[in-house]
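Each chain, written out:
Number of protein chains: 2
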Amino acid sequence: MISHPAYDAGRWQLVENRLDLGVLPQSESLFALGNGHLGWRGTLDEGEPHGIPGSYLGGVHEELPLPVRESGYGDPECAETLVNVVNGKLLRLFVDDEPFDVRLGTLHHHRRWLDLRRGLLHRSTDWTSPAGSRVVVRSTRLVSLTQRALAAVAYEVEAVHRETQVAVQSELVANEPLPAPDPHDPRAPQHLDRPLEPVEHAADGGRLRLLHRTRRSGLLVAAAAGHRVSGPKGCSVHGGAEEDVARCTVVARLGSGRRLRIVKTVAYAWSGMRSAASLRDEAEAALAAGQHTGWQGLAEEQRRYLDAFWARADVELEGDEEIQHAVRFGLFHLLQAAARAEEQPIGAKGLTGPGYGGHCFWDTEAFVLPVLTYTAPEAAAASLRWRHRTLDRALERAKQLQLRGAAFPWRTISGRECSAYWPAGTAAFHVNAAVADAAVRYAQVTGDAGFERAAGVELLTHVARLWMALGHHGRDGAFHIDGVTGPDEYSAVADDNTYTNLMAQANLRAAALAVRRYPAEAAALGADEAERRAWLTAADRMAVPYNAELGVHEQSAGFTRHAPWDFAATGPDGYPLMLHHPYFDLYRSQVVKQADLVLALFLRDSAFTPQQKARDFAYYEPITVRDSSLSACVQSVVAADVGHLDLAFDYLGESAEMDLEDLQHNTRDGLHLAALAGVWLALVAGFGGLRRHGGHLAFAPRLPASLTRLAYHVTAFQRRLRIEATPREATYTLLSGPRLEIRHYGHPLTLERGVPRVRAIPPLRPRHPPAQPPGRAPRRKEP
Amino acid sequence: MISHPAYDAGRWQLVENRLDLGVLPQSESLFALGNGHLGWRGTLDEGEPHGIPGSYLGGVHEELPLPVRESGYGDPECAETLVNVVNGKLLRLFVDDEPFDVRLGTLHHHRRWLDLRRGLLHRSTDWTSPAGSRVVVRSTRLVSLTQRALAAVAYEVEAVHRETQVAVQSELVANEPLPAPDPHDPRAPQHLDRPLEPVEHAADGGRLRLLHRTRRSGLLVAAAAGHRVSGPKGCSVHGGAEEDVARCTVVARLGSGRRLRIVKTVAYAWSGMRSAASLRDEAEAALAAGQHTGWQGLAEEQRRYLDAFWARADVELEGDEEIQHAVRFGLFHLLQAAARAEEQPIGAKGLTGPGYGGHCFWDTEAFVLPVLTYTAPEAAAASLRWRHRTLDRALERAKQLQLRGAAFPWRTISGRECSAYWPAGTAAFHVNAAVADAAVRYAQVTGDAGFERAAGVELLTHVARLWMALGHHGRDGAFHIDGVTGPDEYSAVADDNTYTNLMAQANLRAAALAVRRYPAEAAALGADEAERRAWLTAADRMAVPYNAELGVHEQSAGFTRHAPWDFAATGPDGYPLMLHHPYFDLYRSQVVKQADLVLALFLRDSAFTPQQKARDFAYYEPITVRDSSLSACVQSVVAADVGHLDLAFDYLGESAEMDLEDLQHNTRDGLHLAALAGVWLALVAGFGGLRRHGGHLAFAPRLPASLTRLAYHVTAFQRRLRIEATPREATYTLLSGPRLEIRHYGHPLTLERGVPRVRAIPPLRPRHPPAQPPGRAPRRKEP
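Residue numbers (the numbering used here), protein chains in the order written: chain F, 1277 to 2059; chain W, 1277 to 2059.
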């Protein structure tokens, strides 16, 4: 189980058994609630103590200038960062004449638990004030998955052993001070000082409202709150507001064993376009709707929504409780990040914290969307529509870079490039491959022709044009894409990155298919037969660097000729390498931060023979240090594919522990969504062996020794399937939809609805797994 | 002649015939005076109008923070920038009740001329005020080459046609406002806002003093001024001082034809170590010494100093007056930048302007020191001693970068790395090659064993260790230096840059020789026989990328495989490319900013056969755009070497015009010292054919059609030589020192003092010169 004594993981819940202030910021991330539109970090109700306060609205960002010193042409001049908007969570409590603060007095009991089936965060606290007044505080918090503007808190305080006067100040607070970031960690968030300009404030009894505007980006943000109070007679409710705080104060005198209960409903609205008056109305309307539904109604909607999700998405397993918990925890947070993001980006941390400035990277398309495509396809579609909506900026960026087609940004909120370091930003053109590939995957798996026609063909055409502009036909007859950066951030600006080239090859072929399938749309885009043929020629001639002497593919041209990294001289404190070594030293050495060539073995698996995959995996394992949270899950999938099942299981364990064990030491800044997605990928694509081959779902499940059963659900081709694997056999069940042909270890198998089909899993010849760099092997996963 | 009508170049002077406010900032650079310790830009005496005010003391810098956003390990956190210190040039004139300002009233005549033989800047102005008072102002300014702390101005005002009251305010001014730089040009200087904190100010009649401290770097700067006034009776002198200004006001009533003459002597002192009291005394003492010498005495000392210099250094030629002027203008400014720099850096712009922050780059060792070594060896030695003095910082930097040996900074004032963009900064390790090579050249040419023992062997050992740490022995048996940046800034972070590798090879061999020659020093450095052998092995196995198919050397591994640059799509407004194209696009294309492989053909000429040189030059010419001022001169030298004499002459012309024609559009920010040195290099190493081969001076002179005679002087092996070439023959004369063996076209020739030896120049088979990129051919030089 999770090693930190504060946490405890059940099959359907994450529990915090005691309050450890050392892990408070991590808890705030783990217990964050959200729906993709609105995110509340898991701060204590009373606001203090806290790690990093955080309330976010997807897309609400502030601009900040980038330094121009020694800038180059095309460097972005301005970046964006997610704004901590109005905090609506706060309910400050005074017990008799003292503030309720768990650092003072005596904390008899503290427990919080996140219920993954109900989508509720519960808290229960038993506390005696320094002056001896004892209260029990219980709260339940939700961010609604059904009414996207809404969050609510049911808050209850009970006097335990004597008559106690309690005062609750339920607040909306803007411009909270934030802790200073670590200037030496490039991953650390950059906090803004007072990003919100006050526009309007109002309070009327229990109804509160604040309206602010971000200073540079000029986005209006409205927050409204309403309160339903039930308590003893004589309980008073007063409202008041100033520029940055609106407050509803409830005072009650509680006899021993009596309770005060407050249901606080909070609604948000924001826009960069609409007026203050319309936003104020929007927030008030959402609040009215939420209060009409009521606490009980919101909780019931939430449960129904999640029941439907788990029926589509659940992964069950036997043999490891921690992994069982982790995959559900991960799916829950992916849903929270994406469910209602709609036409806003899904950031690398979702809305769980300020890390990476709230930016969306390729992680979303390459790691998160594969999961959503099979489990919550409408959320995947919305995310792809967001990308498509930013196409104008990507076209403009490509033009600025003297390219053709679309160049999507390495990191962004609004669609513009926000990367200040181009060798690991702009040059990482593979983000475009991920976008195109996600669009192809989504369209193929869902059969959503409307999306393909309205967005897919356009995305694919522009990405294909980008590759044509980036690459060139060399004297050797091959098509080369030079000077780009692949997924491995310990190499950069290299020629013919194999992952990038193979993904570009797939993009070009998909684009060629798409323009043939949608000729009218293609014509409107000016994509003619000559262009289509040029794409196919480039794809066919794509350079794939291979070192014949070693018999392995090169991560990029010349990579295997580079000096080996001196692992012997790198102690355990030397990781992550990027915080201890300059980039130039990493770039010129054979050391890999994260799966790059190995990611190609997964995503372009049909481009390699099984023997090549095994050899390549064996070559890259001993030089891959996994200083990125994106790596372990990919290594798990490929290890499973090439037959190193125990190693795959260890990597799965590492992915599962990423945030629960804070392996990257920055869970405080938010959860690693891609790693959470990785748990699903390792189980479903790894041990579950799910692939798409020739338009079919193909399965090749095989369990590691530690698992006795794995069952998962996928939604594809408008059907729902359940796949269950035991050590010896696999059972395929079509839960809904018409007959479907699939593949089991390459053999066709036709499924009829409701009729389980059982197939034997072929035996595996055990082989010796490759070693990792000294000290960098994944922890042996003990189930 | 120079195309701008304001300028006129004589054989020994640069003349400004009329005042064109459009080229005022350029004039300030061209007419800058300095001695390497102190630099005064050629601002008008009265301070306004001005382009960029500038008074500099070599080494007086301020620190400024570098952005940390997305920084990497080892990025410098702080940069340095040359400070505009106290302006001592100012003499503001009031004529009757109006300020003398050439933009008002009527300017009848304006002339300034820089006398290269005397080291004086003269000015003569005839002006009528708006109210009709006419005055002639004459001034002569010098920055002393013999008393390094001193500058002086002899200022004279004459009433022309009626009695006129004149007031002269002679000032010391600190914290002058500076114009805002262009944020889009990375070469533009970054100005500081009020970098000087006042410490002390004083005035006593004609004696003025200001003492300031730089805010962050904490350097104390003292300036003192004294005045000798001669004028009509009743002329009054008053002094006054405030924090940032000290002023001596002289008022006189001049009858028609009468003059007021003021000799202002200004002395500076600075230190980061010593006290305010001692600095105050130092400035006062320097001032007293200067006043004791007197104006006439200073001017005479200056003349004697320059006579000696020109006797050692002059280059005479027949056939092109403009080149004749340019080479003297260049030598004069090199001397001004270096003569008394002593243990401070020689910046890329000397002390002529704020460009590049006043930083010293590899230009100094690779371009400036070769000239100084043969013409002002004591200045070359001082500059190398400055580098050696920064060795501790270079050792520390190497350690920080996890390397061994010394890693000298790409750009610096105090010795610390100030480059904010590592791919074109830290990764350009070839700066270390330039340092080592300059030390070897200096020691070999001067025979200065004291330097070699005290500094040379240590520099060489640490640079050799750096190469050993940077490189590795590959599976192919070769020694590779991967992921570094060569001179061409349109490529970066490439493997086996040929220039770098060949220079490293030479460094390693020189280091091996040095430790054998100085065994005690080597032992103290821990350099044993095993290490020495390792250096020689690495040197012998050094990788030199060669494309056998094309029969040319590669600038770096894989370079010739890259896509060609689309020159057809690049219009004349598209240059310099770096201001119109992102680096990634330049880096992955076959386009060269500045001589890189071609520089290796010059500096490592014996590593190539004549045929290889010709082929390589022919390959790189059509892809070299010369967006750097460092390129034309190198191309000139190599063009001459491979027999394209007219092309070499055109490139010489471009080097000569760099600042006089403002070819880079930034002469306003200071002169391009390396290009000025390049004129000498193109004449002496190019047409003069000077090389060092096997410890001998080797000559292979050959003139282009436009020149009928070229004569130059070099100082080497404690001897002075004169080499004179005509189209058919070369004459070698040993002017001082004992018998010397040289080479003429490879044949030994022994010179006895005072006995000219004449040798025929072998005929050249004419061949067709290579083309340059469209629109990028050097302007045809019309003599």
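If you're looking for bench data, these hints aren't it; they were derived computationally from the structure.
Some clues are possibly wrong.
[What the hints assert, rightly or not] No farther apart than 25 Å at their CA atoms in a straight line, the calculated lysine to any residue pairs in the SDA-like style are these: (1) F:K1675 with F:T1569; (2) F:K1675 with W:D1903; (3) W:K1509 with W:E1597; (4) W:K1675 with F:A2047.
[Unchecked claim] Short, incomplete list of chain F residues facing chain W, as computed with Cβ under 7 Å: (5) G1348; (6) L1677; (7) G1750; (8) T1813; (9) Y1822; (10) R1837; (11) F1860; (12) Q1866.
For clarity, every value in this text was computed on a predicted model and none was experimentally measured.
Idealized CB from N, CA, C, for every residue including glycine.
Outcome of the hint check:
no. : hint                 : in the structure
1   : F:K1675 with F:T1569 : violated, 50 Å
2   : F:K1675 with W:D1903 : holds, 23 Å
3   : W:K1509 with W:E1597 : violated, 48 Å
4   : W:K1675 with F:A2047 : violated, 30 Å
5   : G1348                : holds, 5 Å
6   : L1677                : holds, 5 Å
7   : G1750                : holds, 6 Å
8   : T1813                : violated, 16 Å
9   : Y1822                : violated, 15 Å
10  : R1837                : holds, 6 Å
11  : F1860                : holds, 5 Å
12  : Q1866                : violated, 10 Å
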